[in-house]
Amino acid sequence: MASVMTEADLRARISAFLAEHDPAAAAGGGDADRLAFLRARFDAGLAWVHFPTGLGGLGAGRSLQPVADDAFAAAGAPDNRPGRIGIGLGMAAPTILVHGSSEQRERFLRPLWTGEEVWCQLFSEPGAGSDLAGLGTRARRDGDDWVLDGQKVWTSMAHVARWAILLARTDPDVPKHAGLSYFVLDMTAPGVEVRPLRQLTGEAEFNEVYLTGARIPDTQRLGDVGDGWKVAQTTLMNERVSIGGGALPREGGMIGVLAAAWRSDPGARTPGMHDTVMRLWVRAEAARLTAMRVRQQLAAGAPGPDGSAVKLSFATLNQQISAAELDLLGDEGLRRDSWAMGRPEEVDFTGRDAGYRYLRAKGNSIEGGTSEVLRNIIAERVLGLPAEPRVDTRVAWKDLPR
Amino acid sequence: MASVMTEADLRARISAFLAEHDPAAAAGGGDADRLAFLRARFDAGLAWVHFPTGLGGLGAGRSLQPVADDAFAAAGAPDNRPGRIGIGLGMAAPTILVHGSSEQRERFLRPLWTGEEVWCQLFSEPGAGSDLAGLGTRARRDGDDWVLDGQKVWTSMAHVARWAILLARTDPDVPKHAGLSYFVLDMTAPGVEVRPLRQLTGEAEFNEVYLTGARIPDTQRLGDVGDGWKVAQTTLMNERVSIGGGALPREGGMIGVLAAAWRSDPGARTPGMHDTVMRLWVRAEAARLTAMRVRQQLAAGAPGPDGSAVKLSFATLNQQISAAELDLLGDEGLRRDSWAMGRPEEVDFTGRDAGYRYLRAKGNSIEGGTSEVLRNIIAERVLGLPAEPRVDTRVAWKDLPR
Amino acid sequence: MSDLVLVESPDEQDLRSGVRAMLAAECTGQSVLSFVSGFSDPFDEKLWRTVARGMGLAGLLVPEAQGGAGAQYRAAAVVAEELGRAVAPVPFLSSAVVATTALGSSASHELLGRLASGERTAALAVPYGLWSAPALLSAQDGAVTGAVRGVADALGADVLLVPADDGLYAVEGSAVRRTRIASLDETRPLCDVEFSAAPARLVAPLATVPCALRTAATMVAAEQVGLASWCLDTTVAYLKERYQFGRPVGSFQALKHRLADLWVELTQARAVVAYAVADLAAGGDDGLVAASLAKIVGSEVAVRAAEECVQMHGGIGFTWEHPAHLYLKRAKATSVAYGSPDRHRARLATLVDLPLEAS
Amino acid sequence: MSDLVLVESPDEQDLRSGVRAMLAAECTGQSVLSFVSGFSDPFDEKLWRTVARGMGLAGLLVPEAQGGAGAQYRAAAVVAEELGRAVAPVPFLSSAVVATTALGSSASHELLGRLASGERTAALAVPYGLWSAPALLSAQDGAVTGAVRGVADALGADVLLVPADDGLYAVEGSAVRRTRIASLDETRPLCDVEFSAAPARLVAPLATVPCALRTAATMVAAEQVGLASWCLDTTVAYLKERYQFGRPVGSFQALKHRLADLWVELTQARAVVAYAVADLAAGGDDGLVAASLAKIVGSEVAVRAAEECVQMHGGIGFTWEHPAHLYLKRAKATSVAYGSPDRHRARLATLVDLPLEAS
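Residue numbers (our numbering), protein chains in the order written: chain A, 1059 to 1460; chain B, 1059 to 1460; chain C, -14 to 344; chain D, -14 to 344.
Calculated from the structure, these hints are not laboratory results.
The reader is advised that the hints may include incorrect statements.
[What the hints assert, rightly or not] If the Cβ cut is set under 7 Å, some of the chain C residues that face chain B in the computed set are:
1) PRO(-5)
2) GLN253
3) ILE301
[Stated by the list, open to error] Below are the DSS-like pairs computed for lysine-lysine, each with C-alpha atoms no more than 30 Å apart in a straight line:
4) D:LYS225 <-> A:LYS1288
5) A:LYS1456 <-> A:LYS1288
6) C:LYS31 <-> B:LYS1288
Just so we're clear, the structure is a prediction, and the values are computed from it rather than from any experiment.
Just so you know, even glycine gets a beta-carbon here, dropped at the ideal spot from N, CA and C.
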């Protein structure tokens, strides 16, 4: 895993780039200036430095990415608004890199990274949640195209996305994992209908996507026909790494909100709540130090399985902390700011009301792999415990009970 | 379920009996006087009043039993030392009553009730704990006898017992539940060896029992050959009812010990421990009221499933309360009275040291059905959730992996 | 206290069946969702007419002399439980239990009679989370001045009962300023109330307020048992019919064990609430202890049941369209109502001589 | 503090493998069981010779000038963790960590040198559960008088370090009266110690004691991580080979999920302890917070892991013959040692400005 690119090399390249492209002008200019700067950064291999040369990177070590990001940020350069294109960056890009043809990499990666094209993910279905491999959206071959029919759900950003990564069933007559293929769908194509999906917070962060005879050219297939499950593993692995993985200072995240609430209102303090707050503070700090250790393991090239612990405890903690905040606030916590149906593009756990936090956190143990599925994964892949008896892996998909 | 016997009838019979048999003389006299009194009480149908006439009862309602017990206790009569013969009273007797022949009932029930003959239970084996039906002790037919080979474990009172109820495999070639039969074993027979089993408390409350060619006459079989599993259900159902089912006052049981420790040492109090103690106090009181409600349901002839909640929460609570007591005592809790290997005949949760309670309570979620098995039972029989896919119910016992 | 009856009588069973059947027809998950999504009415008036006038359940705690059924606590608990099971947006708890109890038997015949008939509703003007003595408003010359934040069901109340310096006053709803809040639990909306020299008449001594709060704690616990019970039943039913991995999801052992534990907790809560209700009905020898126990255990099981319901429904449980969130919000809000478990544990500690500080 | 290294270096990995291999040969579950069942020796002297003299691990925290390795906290934590994994009945924690740290660098060369070589062992004469300032004994004319209850590993200590009025005194073990207790954890037996004008010499200021206790909290947490790790590994291995219902017991989902949760907790505890150790090694900027965090998280995971280990082994885990109980007892006793989680949470609250009372 040793890289030829050293940190000094990288810094030299960045300095040279910044000398030629004025970051301040790009940030202060219009959209076109911003975009030109980002495209140039991509072309110079300074976008995701661990990607191959020619695809926005330099084949450098993954641990050097923060060096580049920090240097550009320090120079006041415009960024690619990563919060908005998280699915593209975190899921589509690594999948295209590993499984895409060279044409696909050339076509998709640059506008993905610059944020010109937003991506979404069409995996989950109403009947296929934890059991993703059981999904039923059909893709039928028709000449050089595939014709799609089905319904996808829990799609964030679908209403603004240009492209989607999509998993569909190309063969219902074989066992479920074997009959899937992986595609890139044009979200502007006819037969693609996006409807907002309101969640219990009152907002519609997600969408449902109905596919009715939507066509995908075969050139937009990623990996071989029938290899969709394998390709999807790359996507999902990267999703789990990307959720809840950011570096935070002590009391960063939701625990800081609870601690601030505790400090600001001595009148609400009780011994029982104190115990709860302290237990959560300790757990939050433990989770933070665990994430810190995971990042050090990653940087050392020895990723290890501890990352799955981070996602699982992130969900549990967010739920417990937000519940405790409501308990602490008492009557005042029962007042929400609004029940209006907004369409937020990001989840803001520290800037909204306590009721929002409590409700939204319920999704943390469902989205991106339920906590139950994660526990299965830890038990089997990390601890090596035996799988349960399976009844669904040798039967043709069409014959499974559902 | 309406009984012809009223409470007034019963009280009248008891008064008549006590007028004829002096309870104080029996209690103050020797063993023979005591025994004569108990035999007379049995013969008068005042032993277990819900048993049939002639077998120590009057066919009265189960709810009248406390009336009889209280009346005899109030009169100062000797009792049958129920703590010592719990297995006979709680498990063997109901099984013999339901599945025994009239000869068996005649032979066994009277000395069982009077305490002349102590019983033990030979069900569990080292390889068959939760999966009792998977047990391997073999019973081979030989003329009018059965010849037994195998090892039983977790047998309380085996070292003083005269008889055992025993489950053994009479046919290994059929699926496991179908190949069992149920016997009464003479514990004094040749080939029956009892060894103390030391547990983590340091004591040996239980035994291992080795069976090496031990013989049981076929007349001591309970139920048909191959019907052992069905017969055992009667035993187990009664075991679960009998564990943790007694009426206690508020702060009865282990919670009273913790509360007393809290009250007696203000110096050890902390806000965190206070929260723990109060949470446990509430849970203990909830469990107590639940048991009270279960008894009222039973008395009303509508038993319902709530009894299984009692056993499960009894185990959890005992473990949590005893752990909290050690936390509260701190250094002082690390001092035990002794590690000597005693052979106690009863579990004393309130009269020993805190370390004993903590350690002994660990057994509460294992003995008499693990908490895991109990949760399965509640999920399937009470909530009606589907069973897991089974791999062991259609295969001959001898072909199961183990 | 050990001779209190903790099991239901045939009459109580009949009442339960009747209320449940009515609610199954008139208060479905969909109807409550529509109510909540509308964000306009203070309560479901049509449903309340059925409950109060149709079935005559508003007067269960009103003395017989004033046209009520006379302290039928056991029946009221059955009704509260069934209304909780349906997260029914009606002011039974606030009007027929809390306000009625606060009025006491000495209140004017007229108001109690009209509450009993369901013709009018009343709300005790205290914060929803109140558990100890309320802040008192100022009463002068037959008029009340002051403000109370976060009052449950006050928006639609015809009469507000206001704890003031020298007693409990009745104020017409039309005489006060009420501001609706976007409440966490919109099935029982809160509002802020301002009294600016609002005309008021003294109706009861302040001593009735603690009694009302204690009754509220017990009755809200009954409601929570009903709520938890719906969550458990609904989750079990869903897990039987939802297939993943070629199996009903309800056959997965980890979920089964969690539901078994939840059932145990619910079974215990049912017993504890039965005890608190029986104690109320018998005159309340163990009143404060029983009410605090009920509120603690009820709150805990309701929140846990609703949270498990959302989680075990997976994605669908996180949507607005599925009623699970109505139960989650009611559970969390009632957990705060009339004193959180934490507050009640603190009170209980004093009551049962397990103080934190050395005495 | 974010540049502390929380992952192990190759040298530390080598040390870990070396200690683990030695313990696999010389400290098995059976050998510890025999030790405990004997109820006679103060510690396993043969094993201690190997640890201290054979592998030279008794001097990791002794300054180099006095013949030690010089404040090798990271190495000491590796050793503590491996010894915890084996519930080894040796006085590493009490002598090589606590007593050594209490002596500080100013202590006489002679004693520190002999502790480093493993020739002698010492114990700090404070109750095992101590977490704040110790009670001070009376020192007069070069002699100490008083009593201390429940001192860990004092029975076999050659020297006792006694906090007295004006400093820390060294007293020969042979000059005091020691009474063995039937300790919950017999792998680290406690005894009561009486000093009756025992000849003593002043060896360090009292200021070293808090430092020793803080180091003890971190190192016992490392031990707890090792202990929990053994419990998890052993349980997983058993559940793979134990069949019930025709399946390996480890294929049952409810157990899998509990073990997954335990693994998450252990993973976190490992990170927290790594942080506390790295902080110690770096000079302790965040010392008290880090040590309290480690002690809380370590204690919780150790107790939970040991309890799950007993439970998931079923009947066999409840027997004296299976080593699981050794871990259960060590876990519960170390949870109390050097401050329970509850005490450390209280301290932490002050340190991180989350006080219970208004300031």
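Against the structure, the hints come out as follows:
1. PRO(-5): violated, 11 Å
2. GLN253: At 4 Å from the nearest chain B Cβ, C:GLN253 passes the 7 Å test, so the hint holds.
3. ILE301: Since chain B brings no Cβ nearer than about 19 Å to C:ILE301, farther than 7 Å, the hint is violated.
4. D:LYS225 <-> A:LYS1288: Status holds; Cα separation ~28 Å.
5. A:LYS1456 <-> A:LYS1288: holds, 20 Å
6. C:LYS31 <-> B:LYS1288: violated, 55 Å
Checked against the numbered hints above, the structure violates hints 1, 3 and 6; every other hint is satisfied.
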